[in-house]
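Asker: Work out the full structure: start from the sequences and follow the hints.
Chains as they are written, first to last, in this note's numbering: chain D, 33 to 444; chain Z, 876 to 1425; chain P, 39 to 416; chain X, 32 to 305; chain H, 132 to 369.
If you're looking for bench data, these hints aren't it; they were derived computationally from the structure. C-beta atoms are modelled at their ideal positions from N, C-alpha and C, and glycine is treated no differently.
Residues from chain H that keep clear of chain X, each with C-beta distances beyond 12 Å, as calculated:
no.	residue
1	N145
2	S191
3	K243
4	D320
Computed from the model, here is a short list of chain P residues facing chain D with C-beta under 8 Å:
no.	residue
5	S80
6	A81
7	V149
8	L211
9	F214
10	R215
11	N223
12	N224
13	G317
14	G363
15	D367
16	L370
Per label pair, the in silico range of CB-to-CB distance:
no.	chain 1	residue 1	chain 2	residue 2	range
17	P	N236	D	P418	23 to 29 Å
18	Z	G997	D	E34	47 to 53 Å
19	Z	P1198	H	G149	46 to 52 Å
Okay, here's what each chain looks like letter by letter:
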Amino acid sequence: AEDPIKVGILHSLSGTMAISETVLKDTVEMLIAKQNAEGGVLGRELEAVVVDPASNWPLFAEKARELLAQEKVDVIFGNWTSVSRKSVLPVVEELNGLLFYPVQYEGEESSENVFYTGAAPNQQAIPAVDYLMNNIGVERWVLAGTDYVYPRTTNKILETYLMDQGVAKEDIMINYTPFGHSDWQNIVSDIKRFGSAGKKTAVVSTINGDANVPFYRELGNQGISASDIPVVAFSVGEQELSGIDTGPLVGHLAAWNYFMSVDSDANYDFIDQWIEHTGNEEAVTNDPMEAHYIGFNMYIEAVKKAGTTDVDAVKDAIIGVSVPNLTGGYATMMPNHHITKPVLIGEIQDNGQFSVVWETPSTVAGDAWSDFLPGSRDLIADWRKPMFCGSFNTATGKCGASAGEMAAEEAE
Amino acid sequence: MLPRLSPPQLAFNRQDIIMSILRSLTLLLIALVSVLSLPASAQEDDPGKALLNNLAEVPASRVEEAINAIVSSGDERARGWLEAYGNNRLSRIDDTGQVVIVLNNRGRDWEIANPLTGENMGEMSRRELDRIAINNRIRGQLEGILAMLDLNATDPDVREASAQDMMGKVDASLVEPLEAQLEREENASVRNRIEEALAIYRVGEGNLEAVDVLAGSLHPRARAALNEAVRSDNPALADKAEQALASIEQKLKLNRAAETLYFGLSLGSVLVLAAIGLAITFGVMGVINMAHGELIMLGAYTTWGMQQLLPGQPGLALIFSIPAGFLVAATAGIIIERSVIQFLKGRPLETLLATFGISLILQQLVRTVISPQNRTVVTPEWMSGSLVINDALSLTLNRLYVLAFALIVFAALMMIMRKTRLGLEVRAVTQNRAMARSMGIRATRVDIMTFALGSGVAGLAGVALSQLTNVGPNLGQNYIIDSFMVVVFGGVGNLWGTLIAGLSLGTINQLLEPWAGAVLAKIIVLVFIILFIQKRPKGLFPQKGRAAEG
Amino acid sequence: MWLTRPLRERSTQIFLGVLFAALAIVTFLHVAMPEDSALYVSAYTVTLLGKYLCYALLAVAVDLVWGYLGILSLGHGAFFAIGGYAMGMYLMRQIGDRGTYGDPILPDFMVFLNWQELPWYWLGFDMAWFAFIMVLLAPGLLALVFGFLAFRSRVTGVYLSIITQALTFALMLAFFRNEMGFGGNNGLTDFRDILGFNLRTDATRLGLFIATGIALAIGYVICRGIVTSKLGRVSIACRDAEARARFLGYRVDRVQLFVFVVSAMLAGVAGALYVPQVGIINPSEFSPLFSIEVVVWVALGGRATLYGAVIGAVLVNYAKTVFTGVMPDAWLFALGGLFVLVTVFLPKGIAGLLASRRKGKQDEQDTPTAPSTTEATA
Amino acid sequence: MSIIEELSNRDRVFEFLTPAVSPVDTRHGPILYMEDVNVSFDGFRAINNLNMTIDDGELRCIIGPNGAGKTTMMDIITGKTAPDTGSVWFGSRHNLLTMNEPEIATLGIGRKFQKPTVFEALTVFENLELAMATDKRVIPTLRAAMKAEFRERIGEVLETIGLQDLRNQLAGILSHGQKQWLEIGMLLMQKPRLLLVDEPVAGMTEQEMERTAELLTSLAGKQSVVVVEHDMGFVRSIARKVTVLHQGSVLAEGSMDQVSNDPEVIKVYLGEEA
Amino acid sequence: MPTESQMLKIEKLNQFYGESHTLWELELDVPKGQCTCVMGRNGVGKTTLMKCVMGEETTSSGSIQFDGGTELIKQKLEERSRLGIGYVPQGRQIFPLLTVEENLRTGLAVRKDGSKKIPERIYELFPVLKEMKNRRGGDLSGGQQQQLAIGRALVIEPQLLILDEPGEGIQPNIVAQIGEVIRRLIKEDGLTVLLVEQKLPFARKYADRFAIMDRGRRVAEGEIAELSDELIKKHLTV
Ligand SMILES: Nc1ncnc2c1ncn2[C@@H]1O[C@H](COP(=O)(O)OP(=O)(O)OP(=O)(O)O)[C@@H](O)[C@H]1O
Ligand SMILES: Nc1ncnc2c1ncn2[C@@H]1O[C@H](COP(=O)(O)OP(=O)(O)OP(=O)(O)O)[C@@H](O)[C@H]1O
Ligand SMILES: CC(C)C[C@H](N)C(=O)O
Ligand SMILES: [Mg+2]
Ligand SMILES: [Mg+2]
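Answerer: In structure tokens:
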């Protein structure tokens, strides 16, 4: 038989991010096992190469290099935080690898070698705000986030968007907290005060990771219920809820592109498979897992289409590939290396699941460059030839420097 | 309760509801009497079935009507249905279209019951069930309806809560029923509430006297109404409202200060709890215990484990966790002491290295054995919510308990160190081991007991922290730095120092937070610690004199 | 001369010999071996080794203050990171208009967060000489101010350790803030070239590796020079009996300050060399746990020997590399276990093991041990 | 004894080694002058209106009950403890209360502690090397080279204190008495103008005591020496002028005979038979 | 001398510090109810010998018999004080951060009568200690600390009291007083005392017997009256 296709898995198994990332490693392993059970692809088996970058950003780059240069993997599934992706990016570009990134992020990036299967801000944040504004009648906004790039960018985008929609500046409160913040008393009490001005208020939360549990606890204890001031979160999924006493949270919201509770056969099959794989009846699925599911299947399709695992061929082939997602529709890889996704708003239920209360009528294509940031308004990404550019400036008609350099390199 | 404006697009006629509710209440009474004799048969032509099917089938825009229909039907089961609906427990069976109540919605197979008869229908795969959709807006309305029902409850507390719910929501249609209620109401505080609720409406109507009623109120709704009034074109009203507001602001300021103080003490108590075990193992014994955080983590996991053992009894489990958490962490402490620390006598800095290794091992152990994910620890009923002092000041109960717990643990520890022989012996052993042994003190035993004590206290901290924050493998890491900071800031080896340091650092942090923001506040506190240590190089309560220089 | 004295010393000669031999062998194997040869050292390995050497230099810096001066710095990561940031800023400016937004001056992260102009503290970093001076000056200055305050008021022992920790913690939080203008959590990345050499070529990587090796050699000699000079003995005197040294007329605070600043500068250089090799600098380098880990390397290698610090740093990081690859789920057990076992069974670290092997010949002066009574606890 | 004289000959100090401080001015009287000094610890008065002067080149013995404040007095002189009130002058130019320990030491006040303190992780030789009177600033220390001359001087002192055989041993393993000697050696290396010696002969045999006595008397004249000691035999053998401290102030002062016949002194200190 | 009357019988004791042989085949008898004084120059191993008896240093061979039978070498350090050995080490070794009273209380654990109170007698012997009851041990002056160390050893009501240079740093009248106390305890309680002392007058006055050590060996022994100038010259002068 031929050599197996090597699939690198670059997710932290220890350190702070292990909480989120370990399941993604398991997911990819599960997908590989399933694919192998179906005979692999192109007659070749798939083989997982797992490394642990240990929530350490430079280590991500090092491990990526190890995967590509030493292990010679054909594709990498990995990363959670944006900083780790930023760290890995130069490496995959230099060594011409393929990276599937499964988590929602701040956008403002499009690399020839990276496929963004998580949501861009326009696939999560903006629809969520639309929902709150139009369906709930929210007029006053708290943008609460952890102090780093994703929340900052998202909030910047949202602020511009909200002001465009006619929300007054004093009706927006922005608040940042450090990573792992655990004492929310003051902030929640501020939110409470802010929300008592007589206008319907909502919190848009880009609070990351561990800080959420104490945040929701404090909300509950200070008597803020979802019907008073709903919180819509972009980083709280089933996985996170499984560590929270959901009793007091019922009714708070989250915006994702997938929920475990989605009523579709594909989803039920996926859940069954997952439970079987983990051997845990209580195991939950979540949005980034779906993103890997989609990314993985897209990769398989692209390899089939290209007839090879050669990186350049796969890169070409994958644009336009459509695979079923888990919510009953299809995801397509767009030329900007982002995919199409439906946007769902879910309410937290007492069983740690979300119930979908709203959904975009059709799927939304991810924007690499936000329309609401002055610097990137004019940029687009298109990795099809002849444009073949991650940041094409429609105003000047020129491609950003990165592609220019690459072209120069190719000429050498 | 917080204000909620009914969104304009809501085509909900309040008067209709009220009327129907009042009507249904009477019917309910009659029904209640008769239902006892009524056999739960005749399902086919049960009117409830149609009502529920209707609820399940109507498009989202007409859900209100369907609810209305249920309420006004006067069916005595209505409340149960609506509650189930509100809790997302109403589903339909895909094949038959039958509406069922989901009793247990965890896992892949759900336990269901017939809403009409209450009969348990066993388990059914999730795939075959279709949830009847509800959203926040509807849930809010449902809560309102249920609250209205409560205005007639026998328990005055329920009535008060219900009246409070009405604040700011009173419109012309409600004035009359409320006034009638006021007539009947005997309980003073409920009356107050109703009066306030009415006054808010009246101020909006330009009524001057109503302003007086609101002048003393701290309720945000009242303030919102007065704020409106200030902006009104009636100068007399605006004037009066302004005065009322000024006096309210005054009171609010006081309350605000009290609140901040509470926040500070509460954060401080968390710091104290986290640090106090370390004040023993590190401060007294001199072991630089980097695994302290993981001992806290063990305590927290014990709470989780207890709650797994006693499902449905979170409160009891929590109480049992206190001794259990202590024992688990103390046992872990003994194992650490016996297997590693005892070999590092006289090499305190190396304990840093070894315990750092232990902390890595313990973290990964939890990740492998239990899960890398956080675990759910339930807050028992009596610990959730807050103690309401007044409309502007309420103290969250979980933190209140933690504060008290911290003080108790501190006092107990103080007793042990001051009043028992162990306290004396451990200090003697750390100050001069060989000499202490020459005096017949069994140093090994003292070491074990002290380390166990410090570790056990860390476990207690874990039990408390499980009520405030994540229970996960990283729990310990989040507290270790702070703990060392507190112990050192207070002055190594001084328990009082640890208490005062924790409380004051917590308070400073919370005082700074409102104007500096959470991140900056933390930075400022750290810089403060650095500068403070320059002033007092041996912490808040230094060991003074020659003795310290040894 | 104090700097040449170590060169005549046997242990330093051995150290430098081993180091340069390693550099030469790696370079040879990388350049001369065919890629498919078993002996070929890939660019990946070269960079990996380069990283170890940076850590080694950092560990040497920590050992200088901890081993010989008794200052257990739990905040040396701060100096390392600041050196790294200084280098990162230079590398950022070198990107020029090749960033995604093509802004010739502003780094990408400033563009999309809508900054209009470069903050003042970024000025000058487009010039290599300025940046390289800052690599030394920024950590040095921080150490000077911090050390001046701390030593002047005679902060010692754990108190000193904890405020160094507070220092690095505060800096971490500050650098996380996007408003600081250092790229927040995402830090500085996407570097292109250094001194005109493309960072993404193997040759540059090899160059950086060799440069790091040389920096380590120089750093080692400087430390050794200090340690074997009279000042080194005064340091030990300050470490063990601060008051006594003072009564002999030594300005203990000045001695501490001097050595501390030198050490901080070395750490800064280590950070500066680290950044172009790993390709990113982000505030997590400021994390207190990282600084503690550095101390652990030193302890594991053997405190107050300098070469022990090098051994410890390389060994632990090599173990990490191997374990995270071989047993991704369980490597922390292995690493944690290693720490425990070494502490219990090798009280003087690995260097202690080596020393006891060649005992007899060795003169005592080489490894003064600290009496435990004056350790950093109360 | 010529060695010692040689060593303590201040004129032989090389220019570049001279510390950068102005010389002590004793033209107008005593080398040490303490007036109305008070110290209390948590309300306990350890030094109580203490007045004392030491003349240049004098050898002074101080005796007094345990806890009389002798060590505390030395702490004040060397800058370790700051008095609550009072003034302490070194010569007529230097107000010691405004200086810190290294400054005072550089000025020429050396001290031997009651509990011998040496640098345990350094060898005996190195201990002496560090004590040597040289430029103690950081950079000069870094650049200092070990000259043959220094080596010789250290060798001489080693001989004086009888620790030649142990010169390369770590000071940490010395016995109590050996440490005492080493500390005296360090004091000799330092060549101070004023030596404060706290209980030098504790733990020494009679013979060693004699040697110490000789050593101290030979120093007097060129250097001023203040000795605190409880061994009356020893005190008697060296004493010219004796001060008795009691409860933080001077109880009696005078020759040994005067003092030892003072009934107060007998009562609080010497006991019946001394 | 019959063994029953020996409180301590040391035979062929050898001790090493690392490689260096400190005690060589050392023999020493300490008769009951008497004060035996060990003398010798600095560094000959007197303190080391005391530490060996107390168990603070380990011995390589030899035996130390206590009270006619118990082999001390087999006993742990903390058990030896329970047998009734009180120890006043050289350099005092008081607990600096404990108060004077607490320092004394550390000795209560091993008292046979289980008393929880510090015997009044200690305060009678050393009145300073009562006066400074609440001051921390480390704050005391050197001599006060020495008194505290002796007082602390007496709290356990020992049968054998080991004193390593107890007069060091103590004012003359108290030294004399300590000597008297020793005598009194010997007479009244039948205490046995093992004393290390350099000062001849003190030794001559209060000791019954002497033993001289040189370079780790016992080189002379006898009644105190037999301590001749010749012996002194030979072994005690440099
Ligand atoms: N830091 C302190 N805190 C409290 N009391 C102190 C402190 N320092 C000294 N004392 C007290 O001050 C008094 C004087 O102490 P000092 O050490 O000067 O006595 P001394 O004359 O040297 O005695 P000795 O001859 O015993 O050494 C003593 O009673 C002592 O207890
Ligand atoms: N911990 C140790 N390690 C190595 N050698 C030691 C140690 N302690 C003491 N020594 C050596 O052992 C010898 C005996 O020391 P010891 O303290 O018993 O002497 P001593 O007779 O009590 O002297 P002194 O009269 O000065 O108290 C000395 O030469 C000393 O240097
Ligand atoms: C929101 C987070 C879960 C992920 C996000 N991409 C980040 O920047 O880290
Ligand atoms: Mg004294
Ligand atoms: Mg001795």
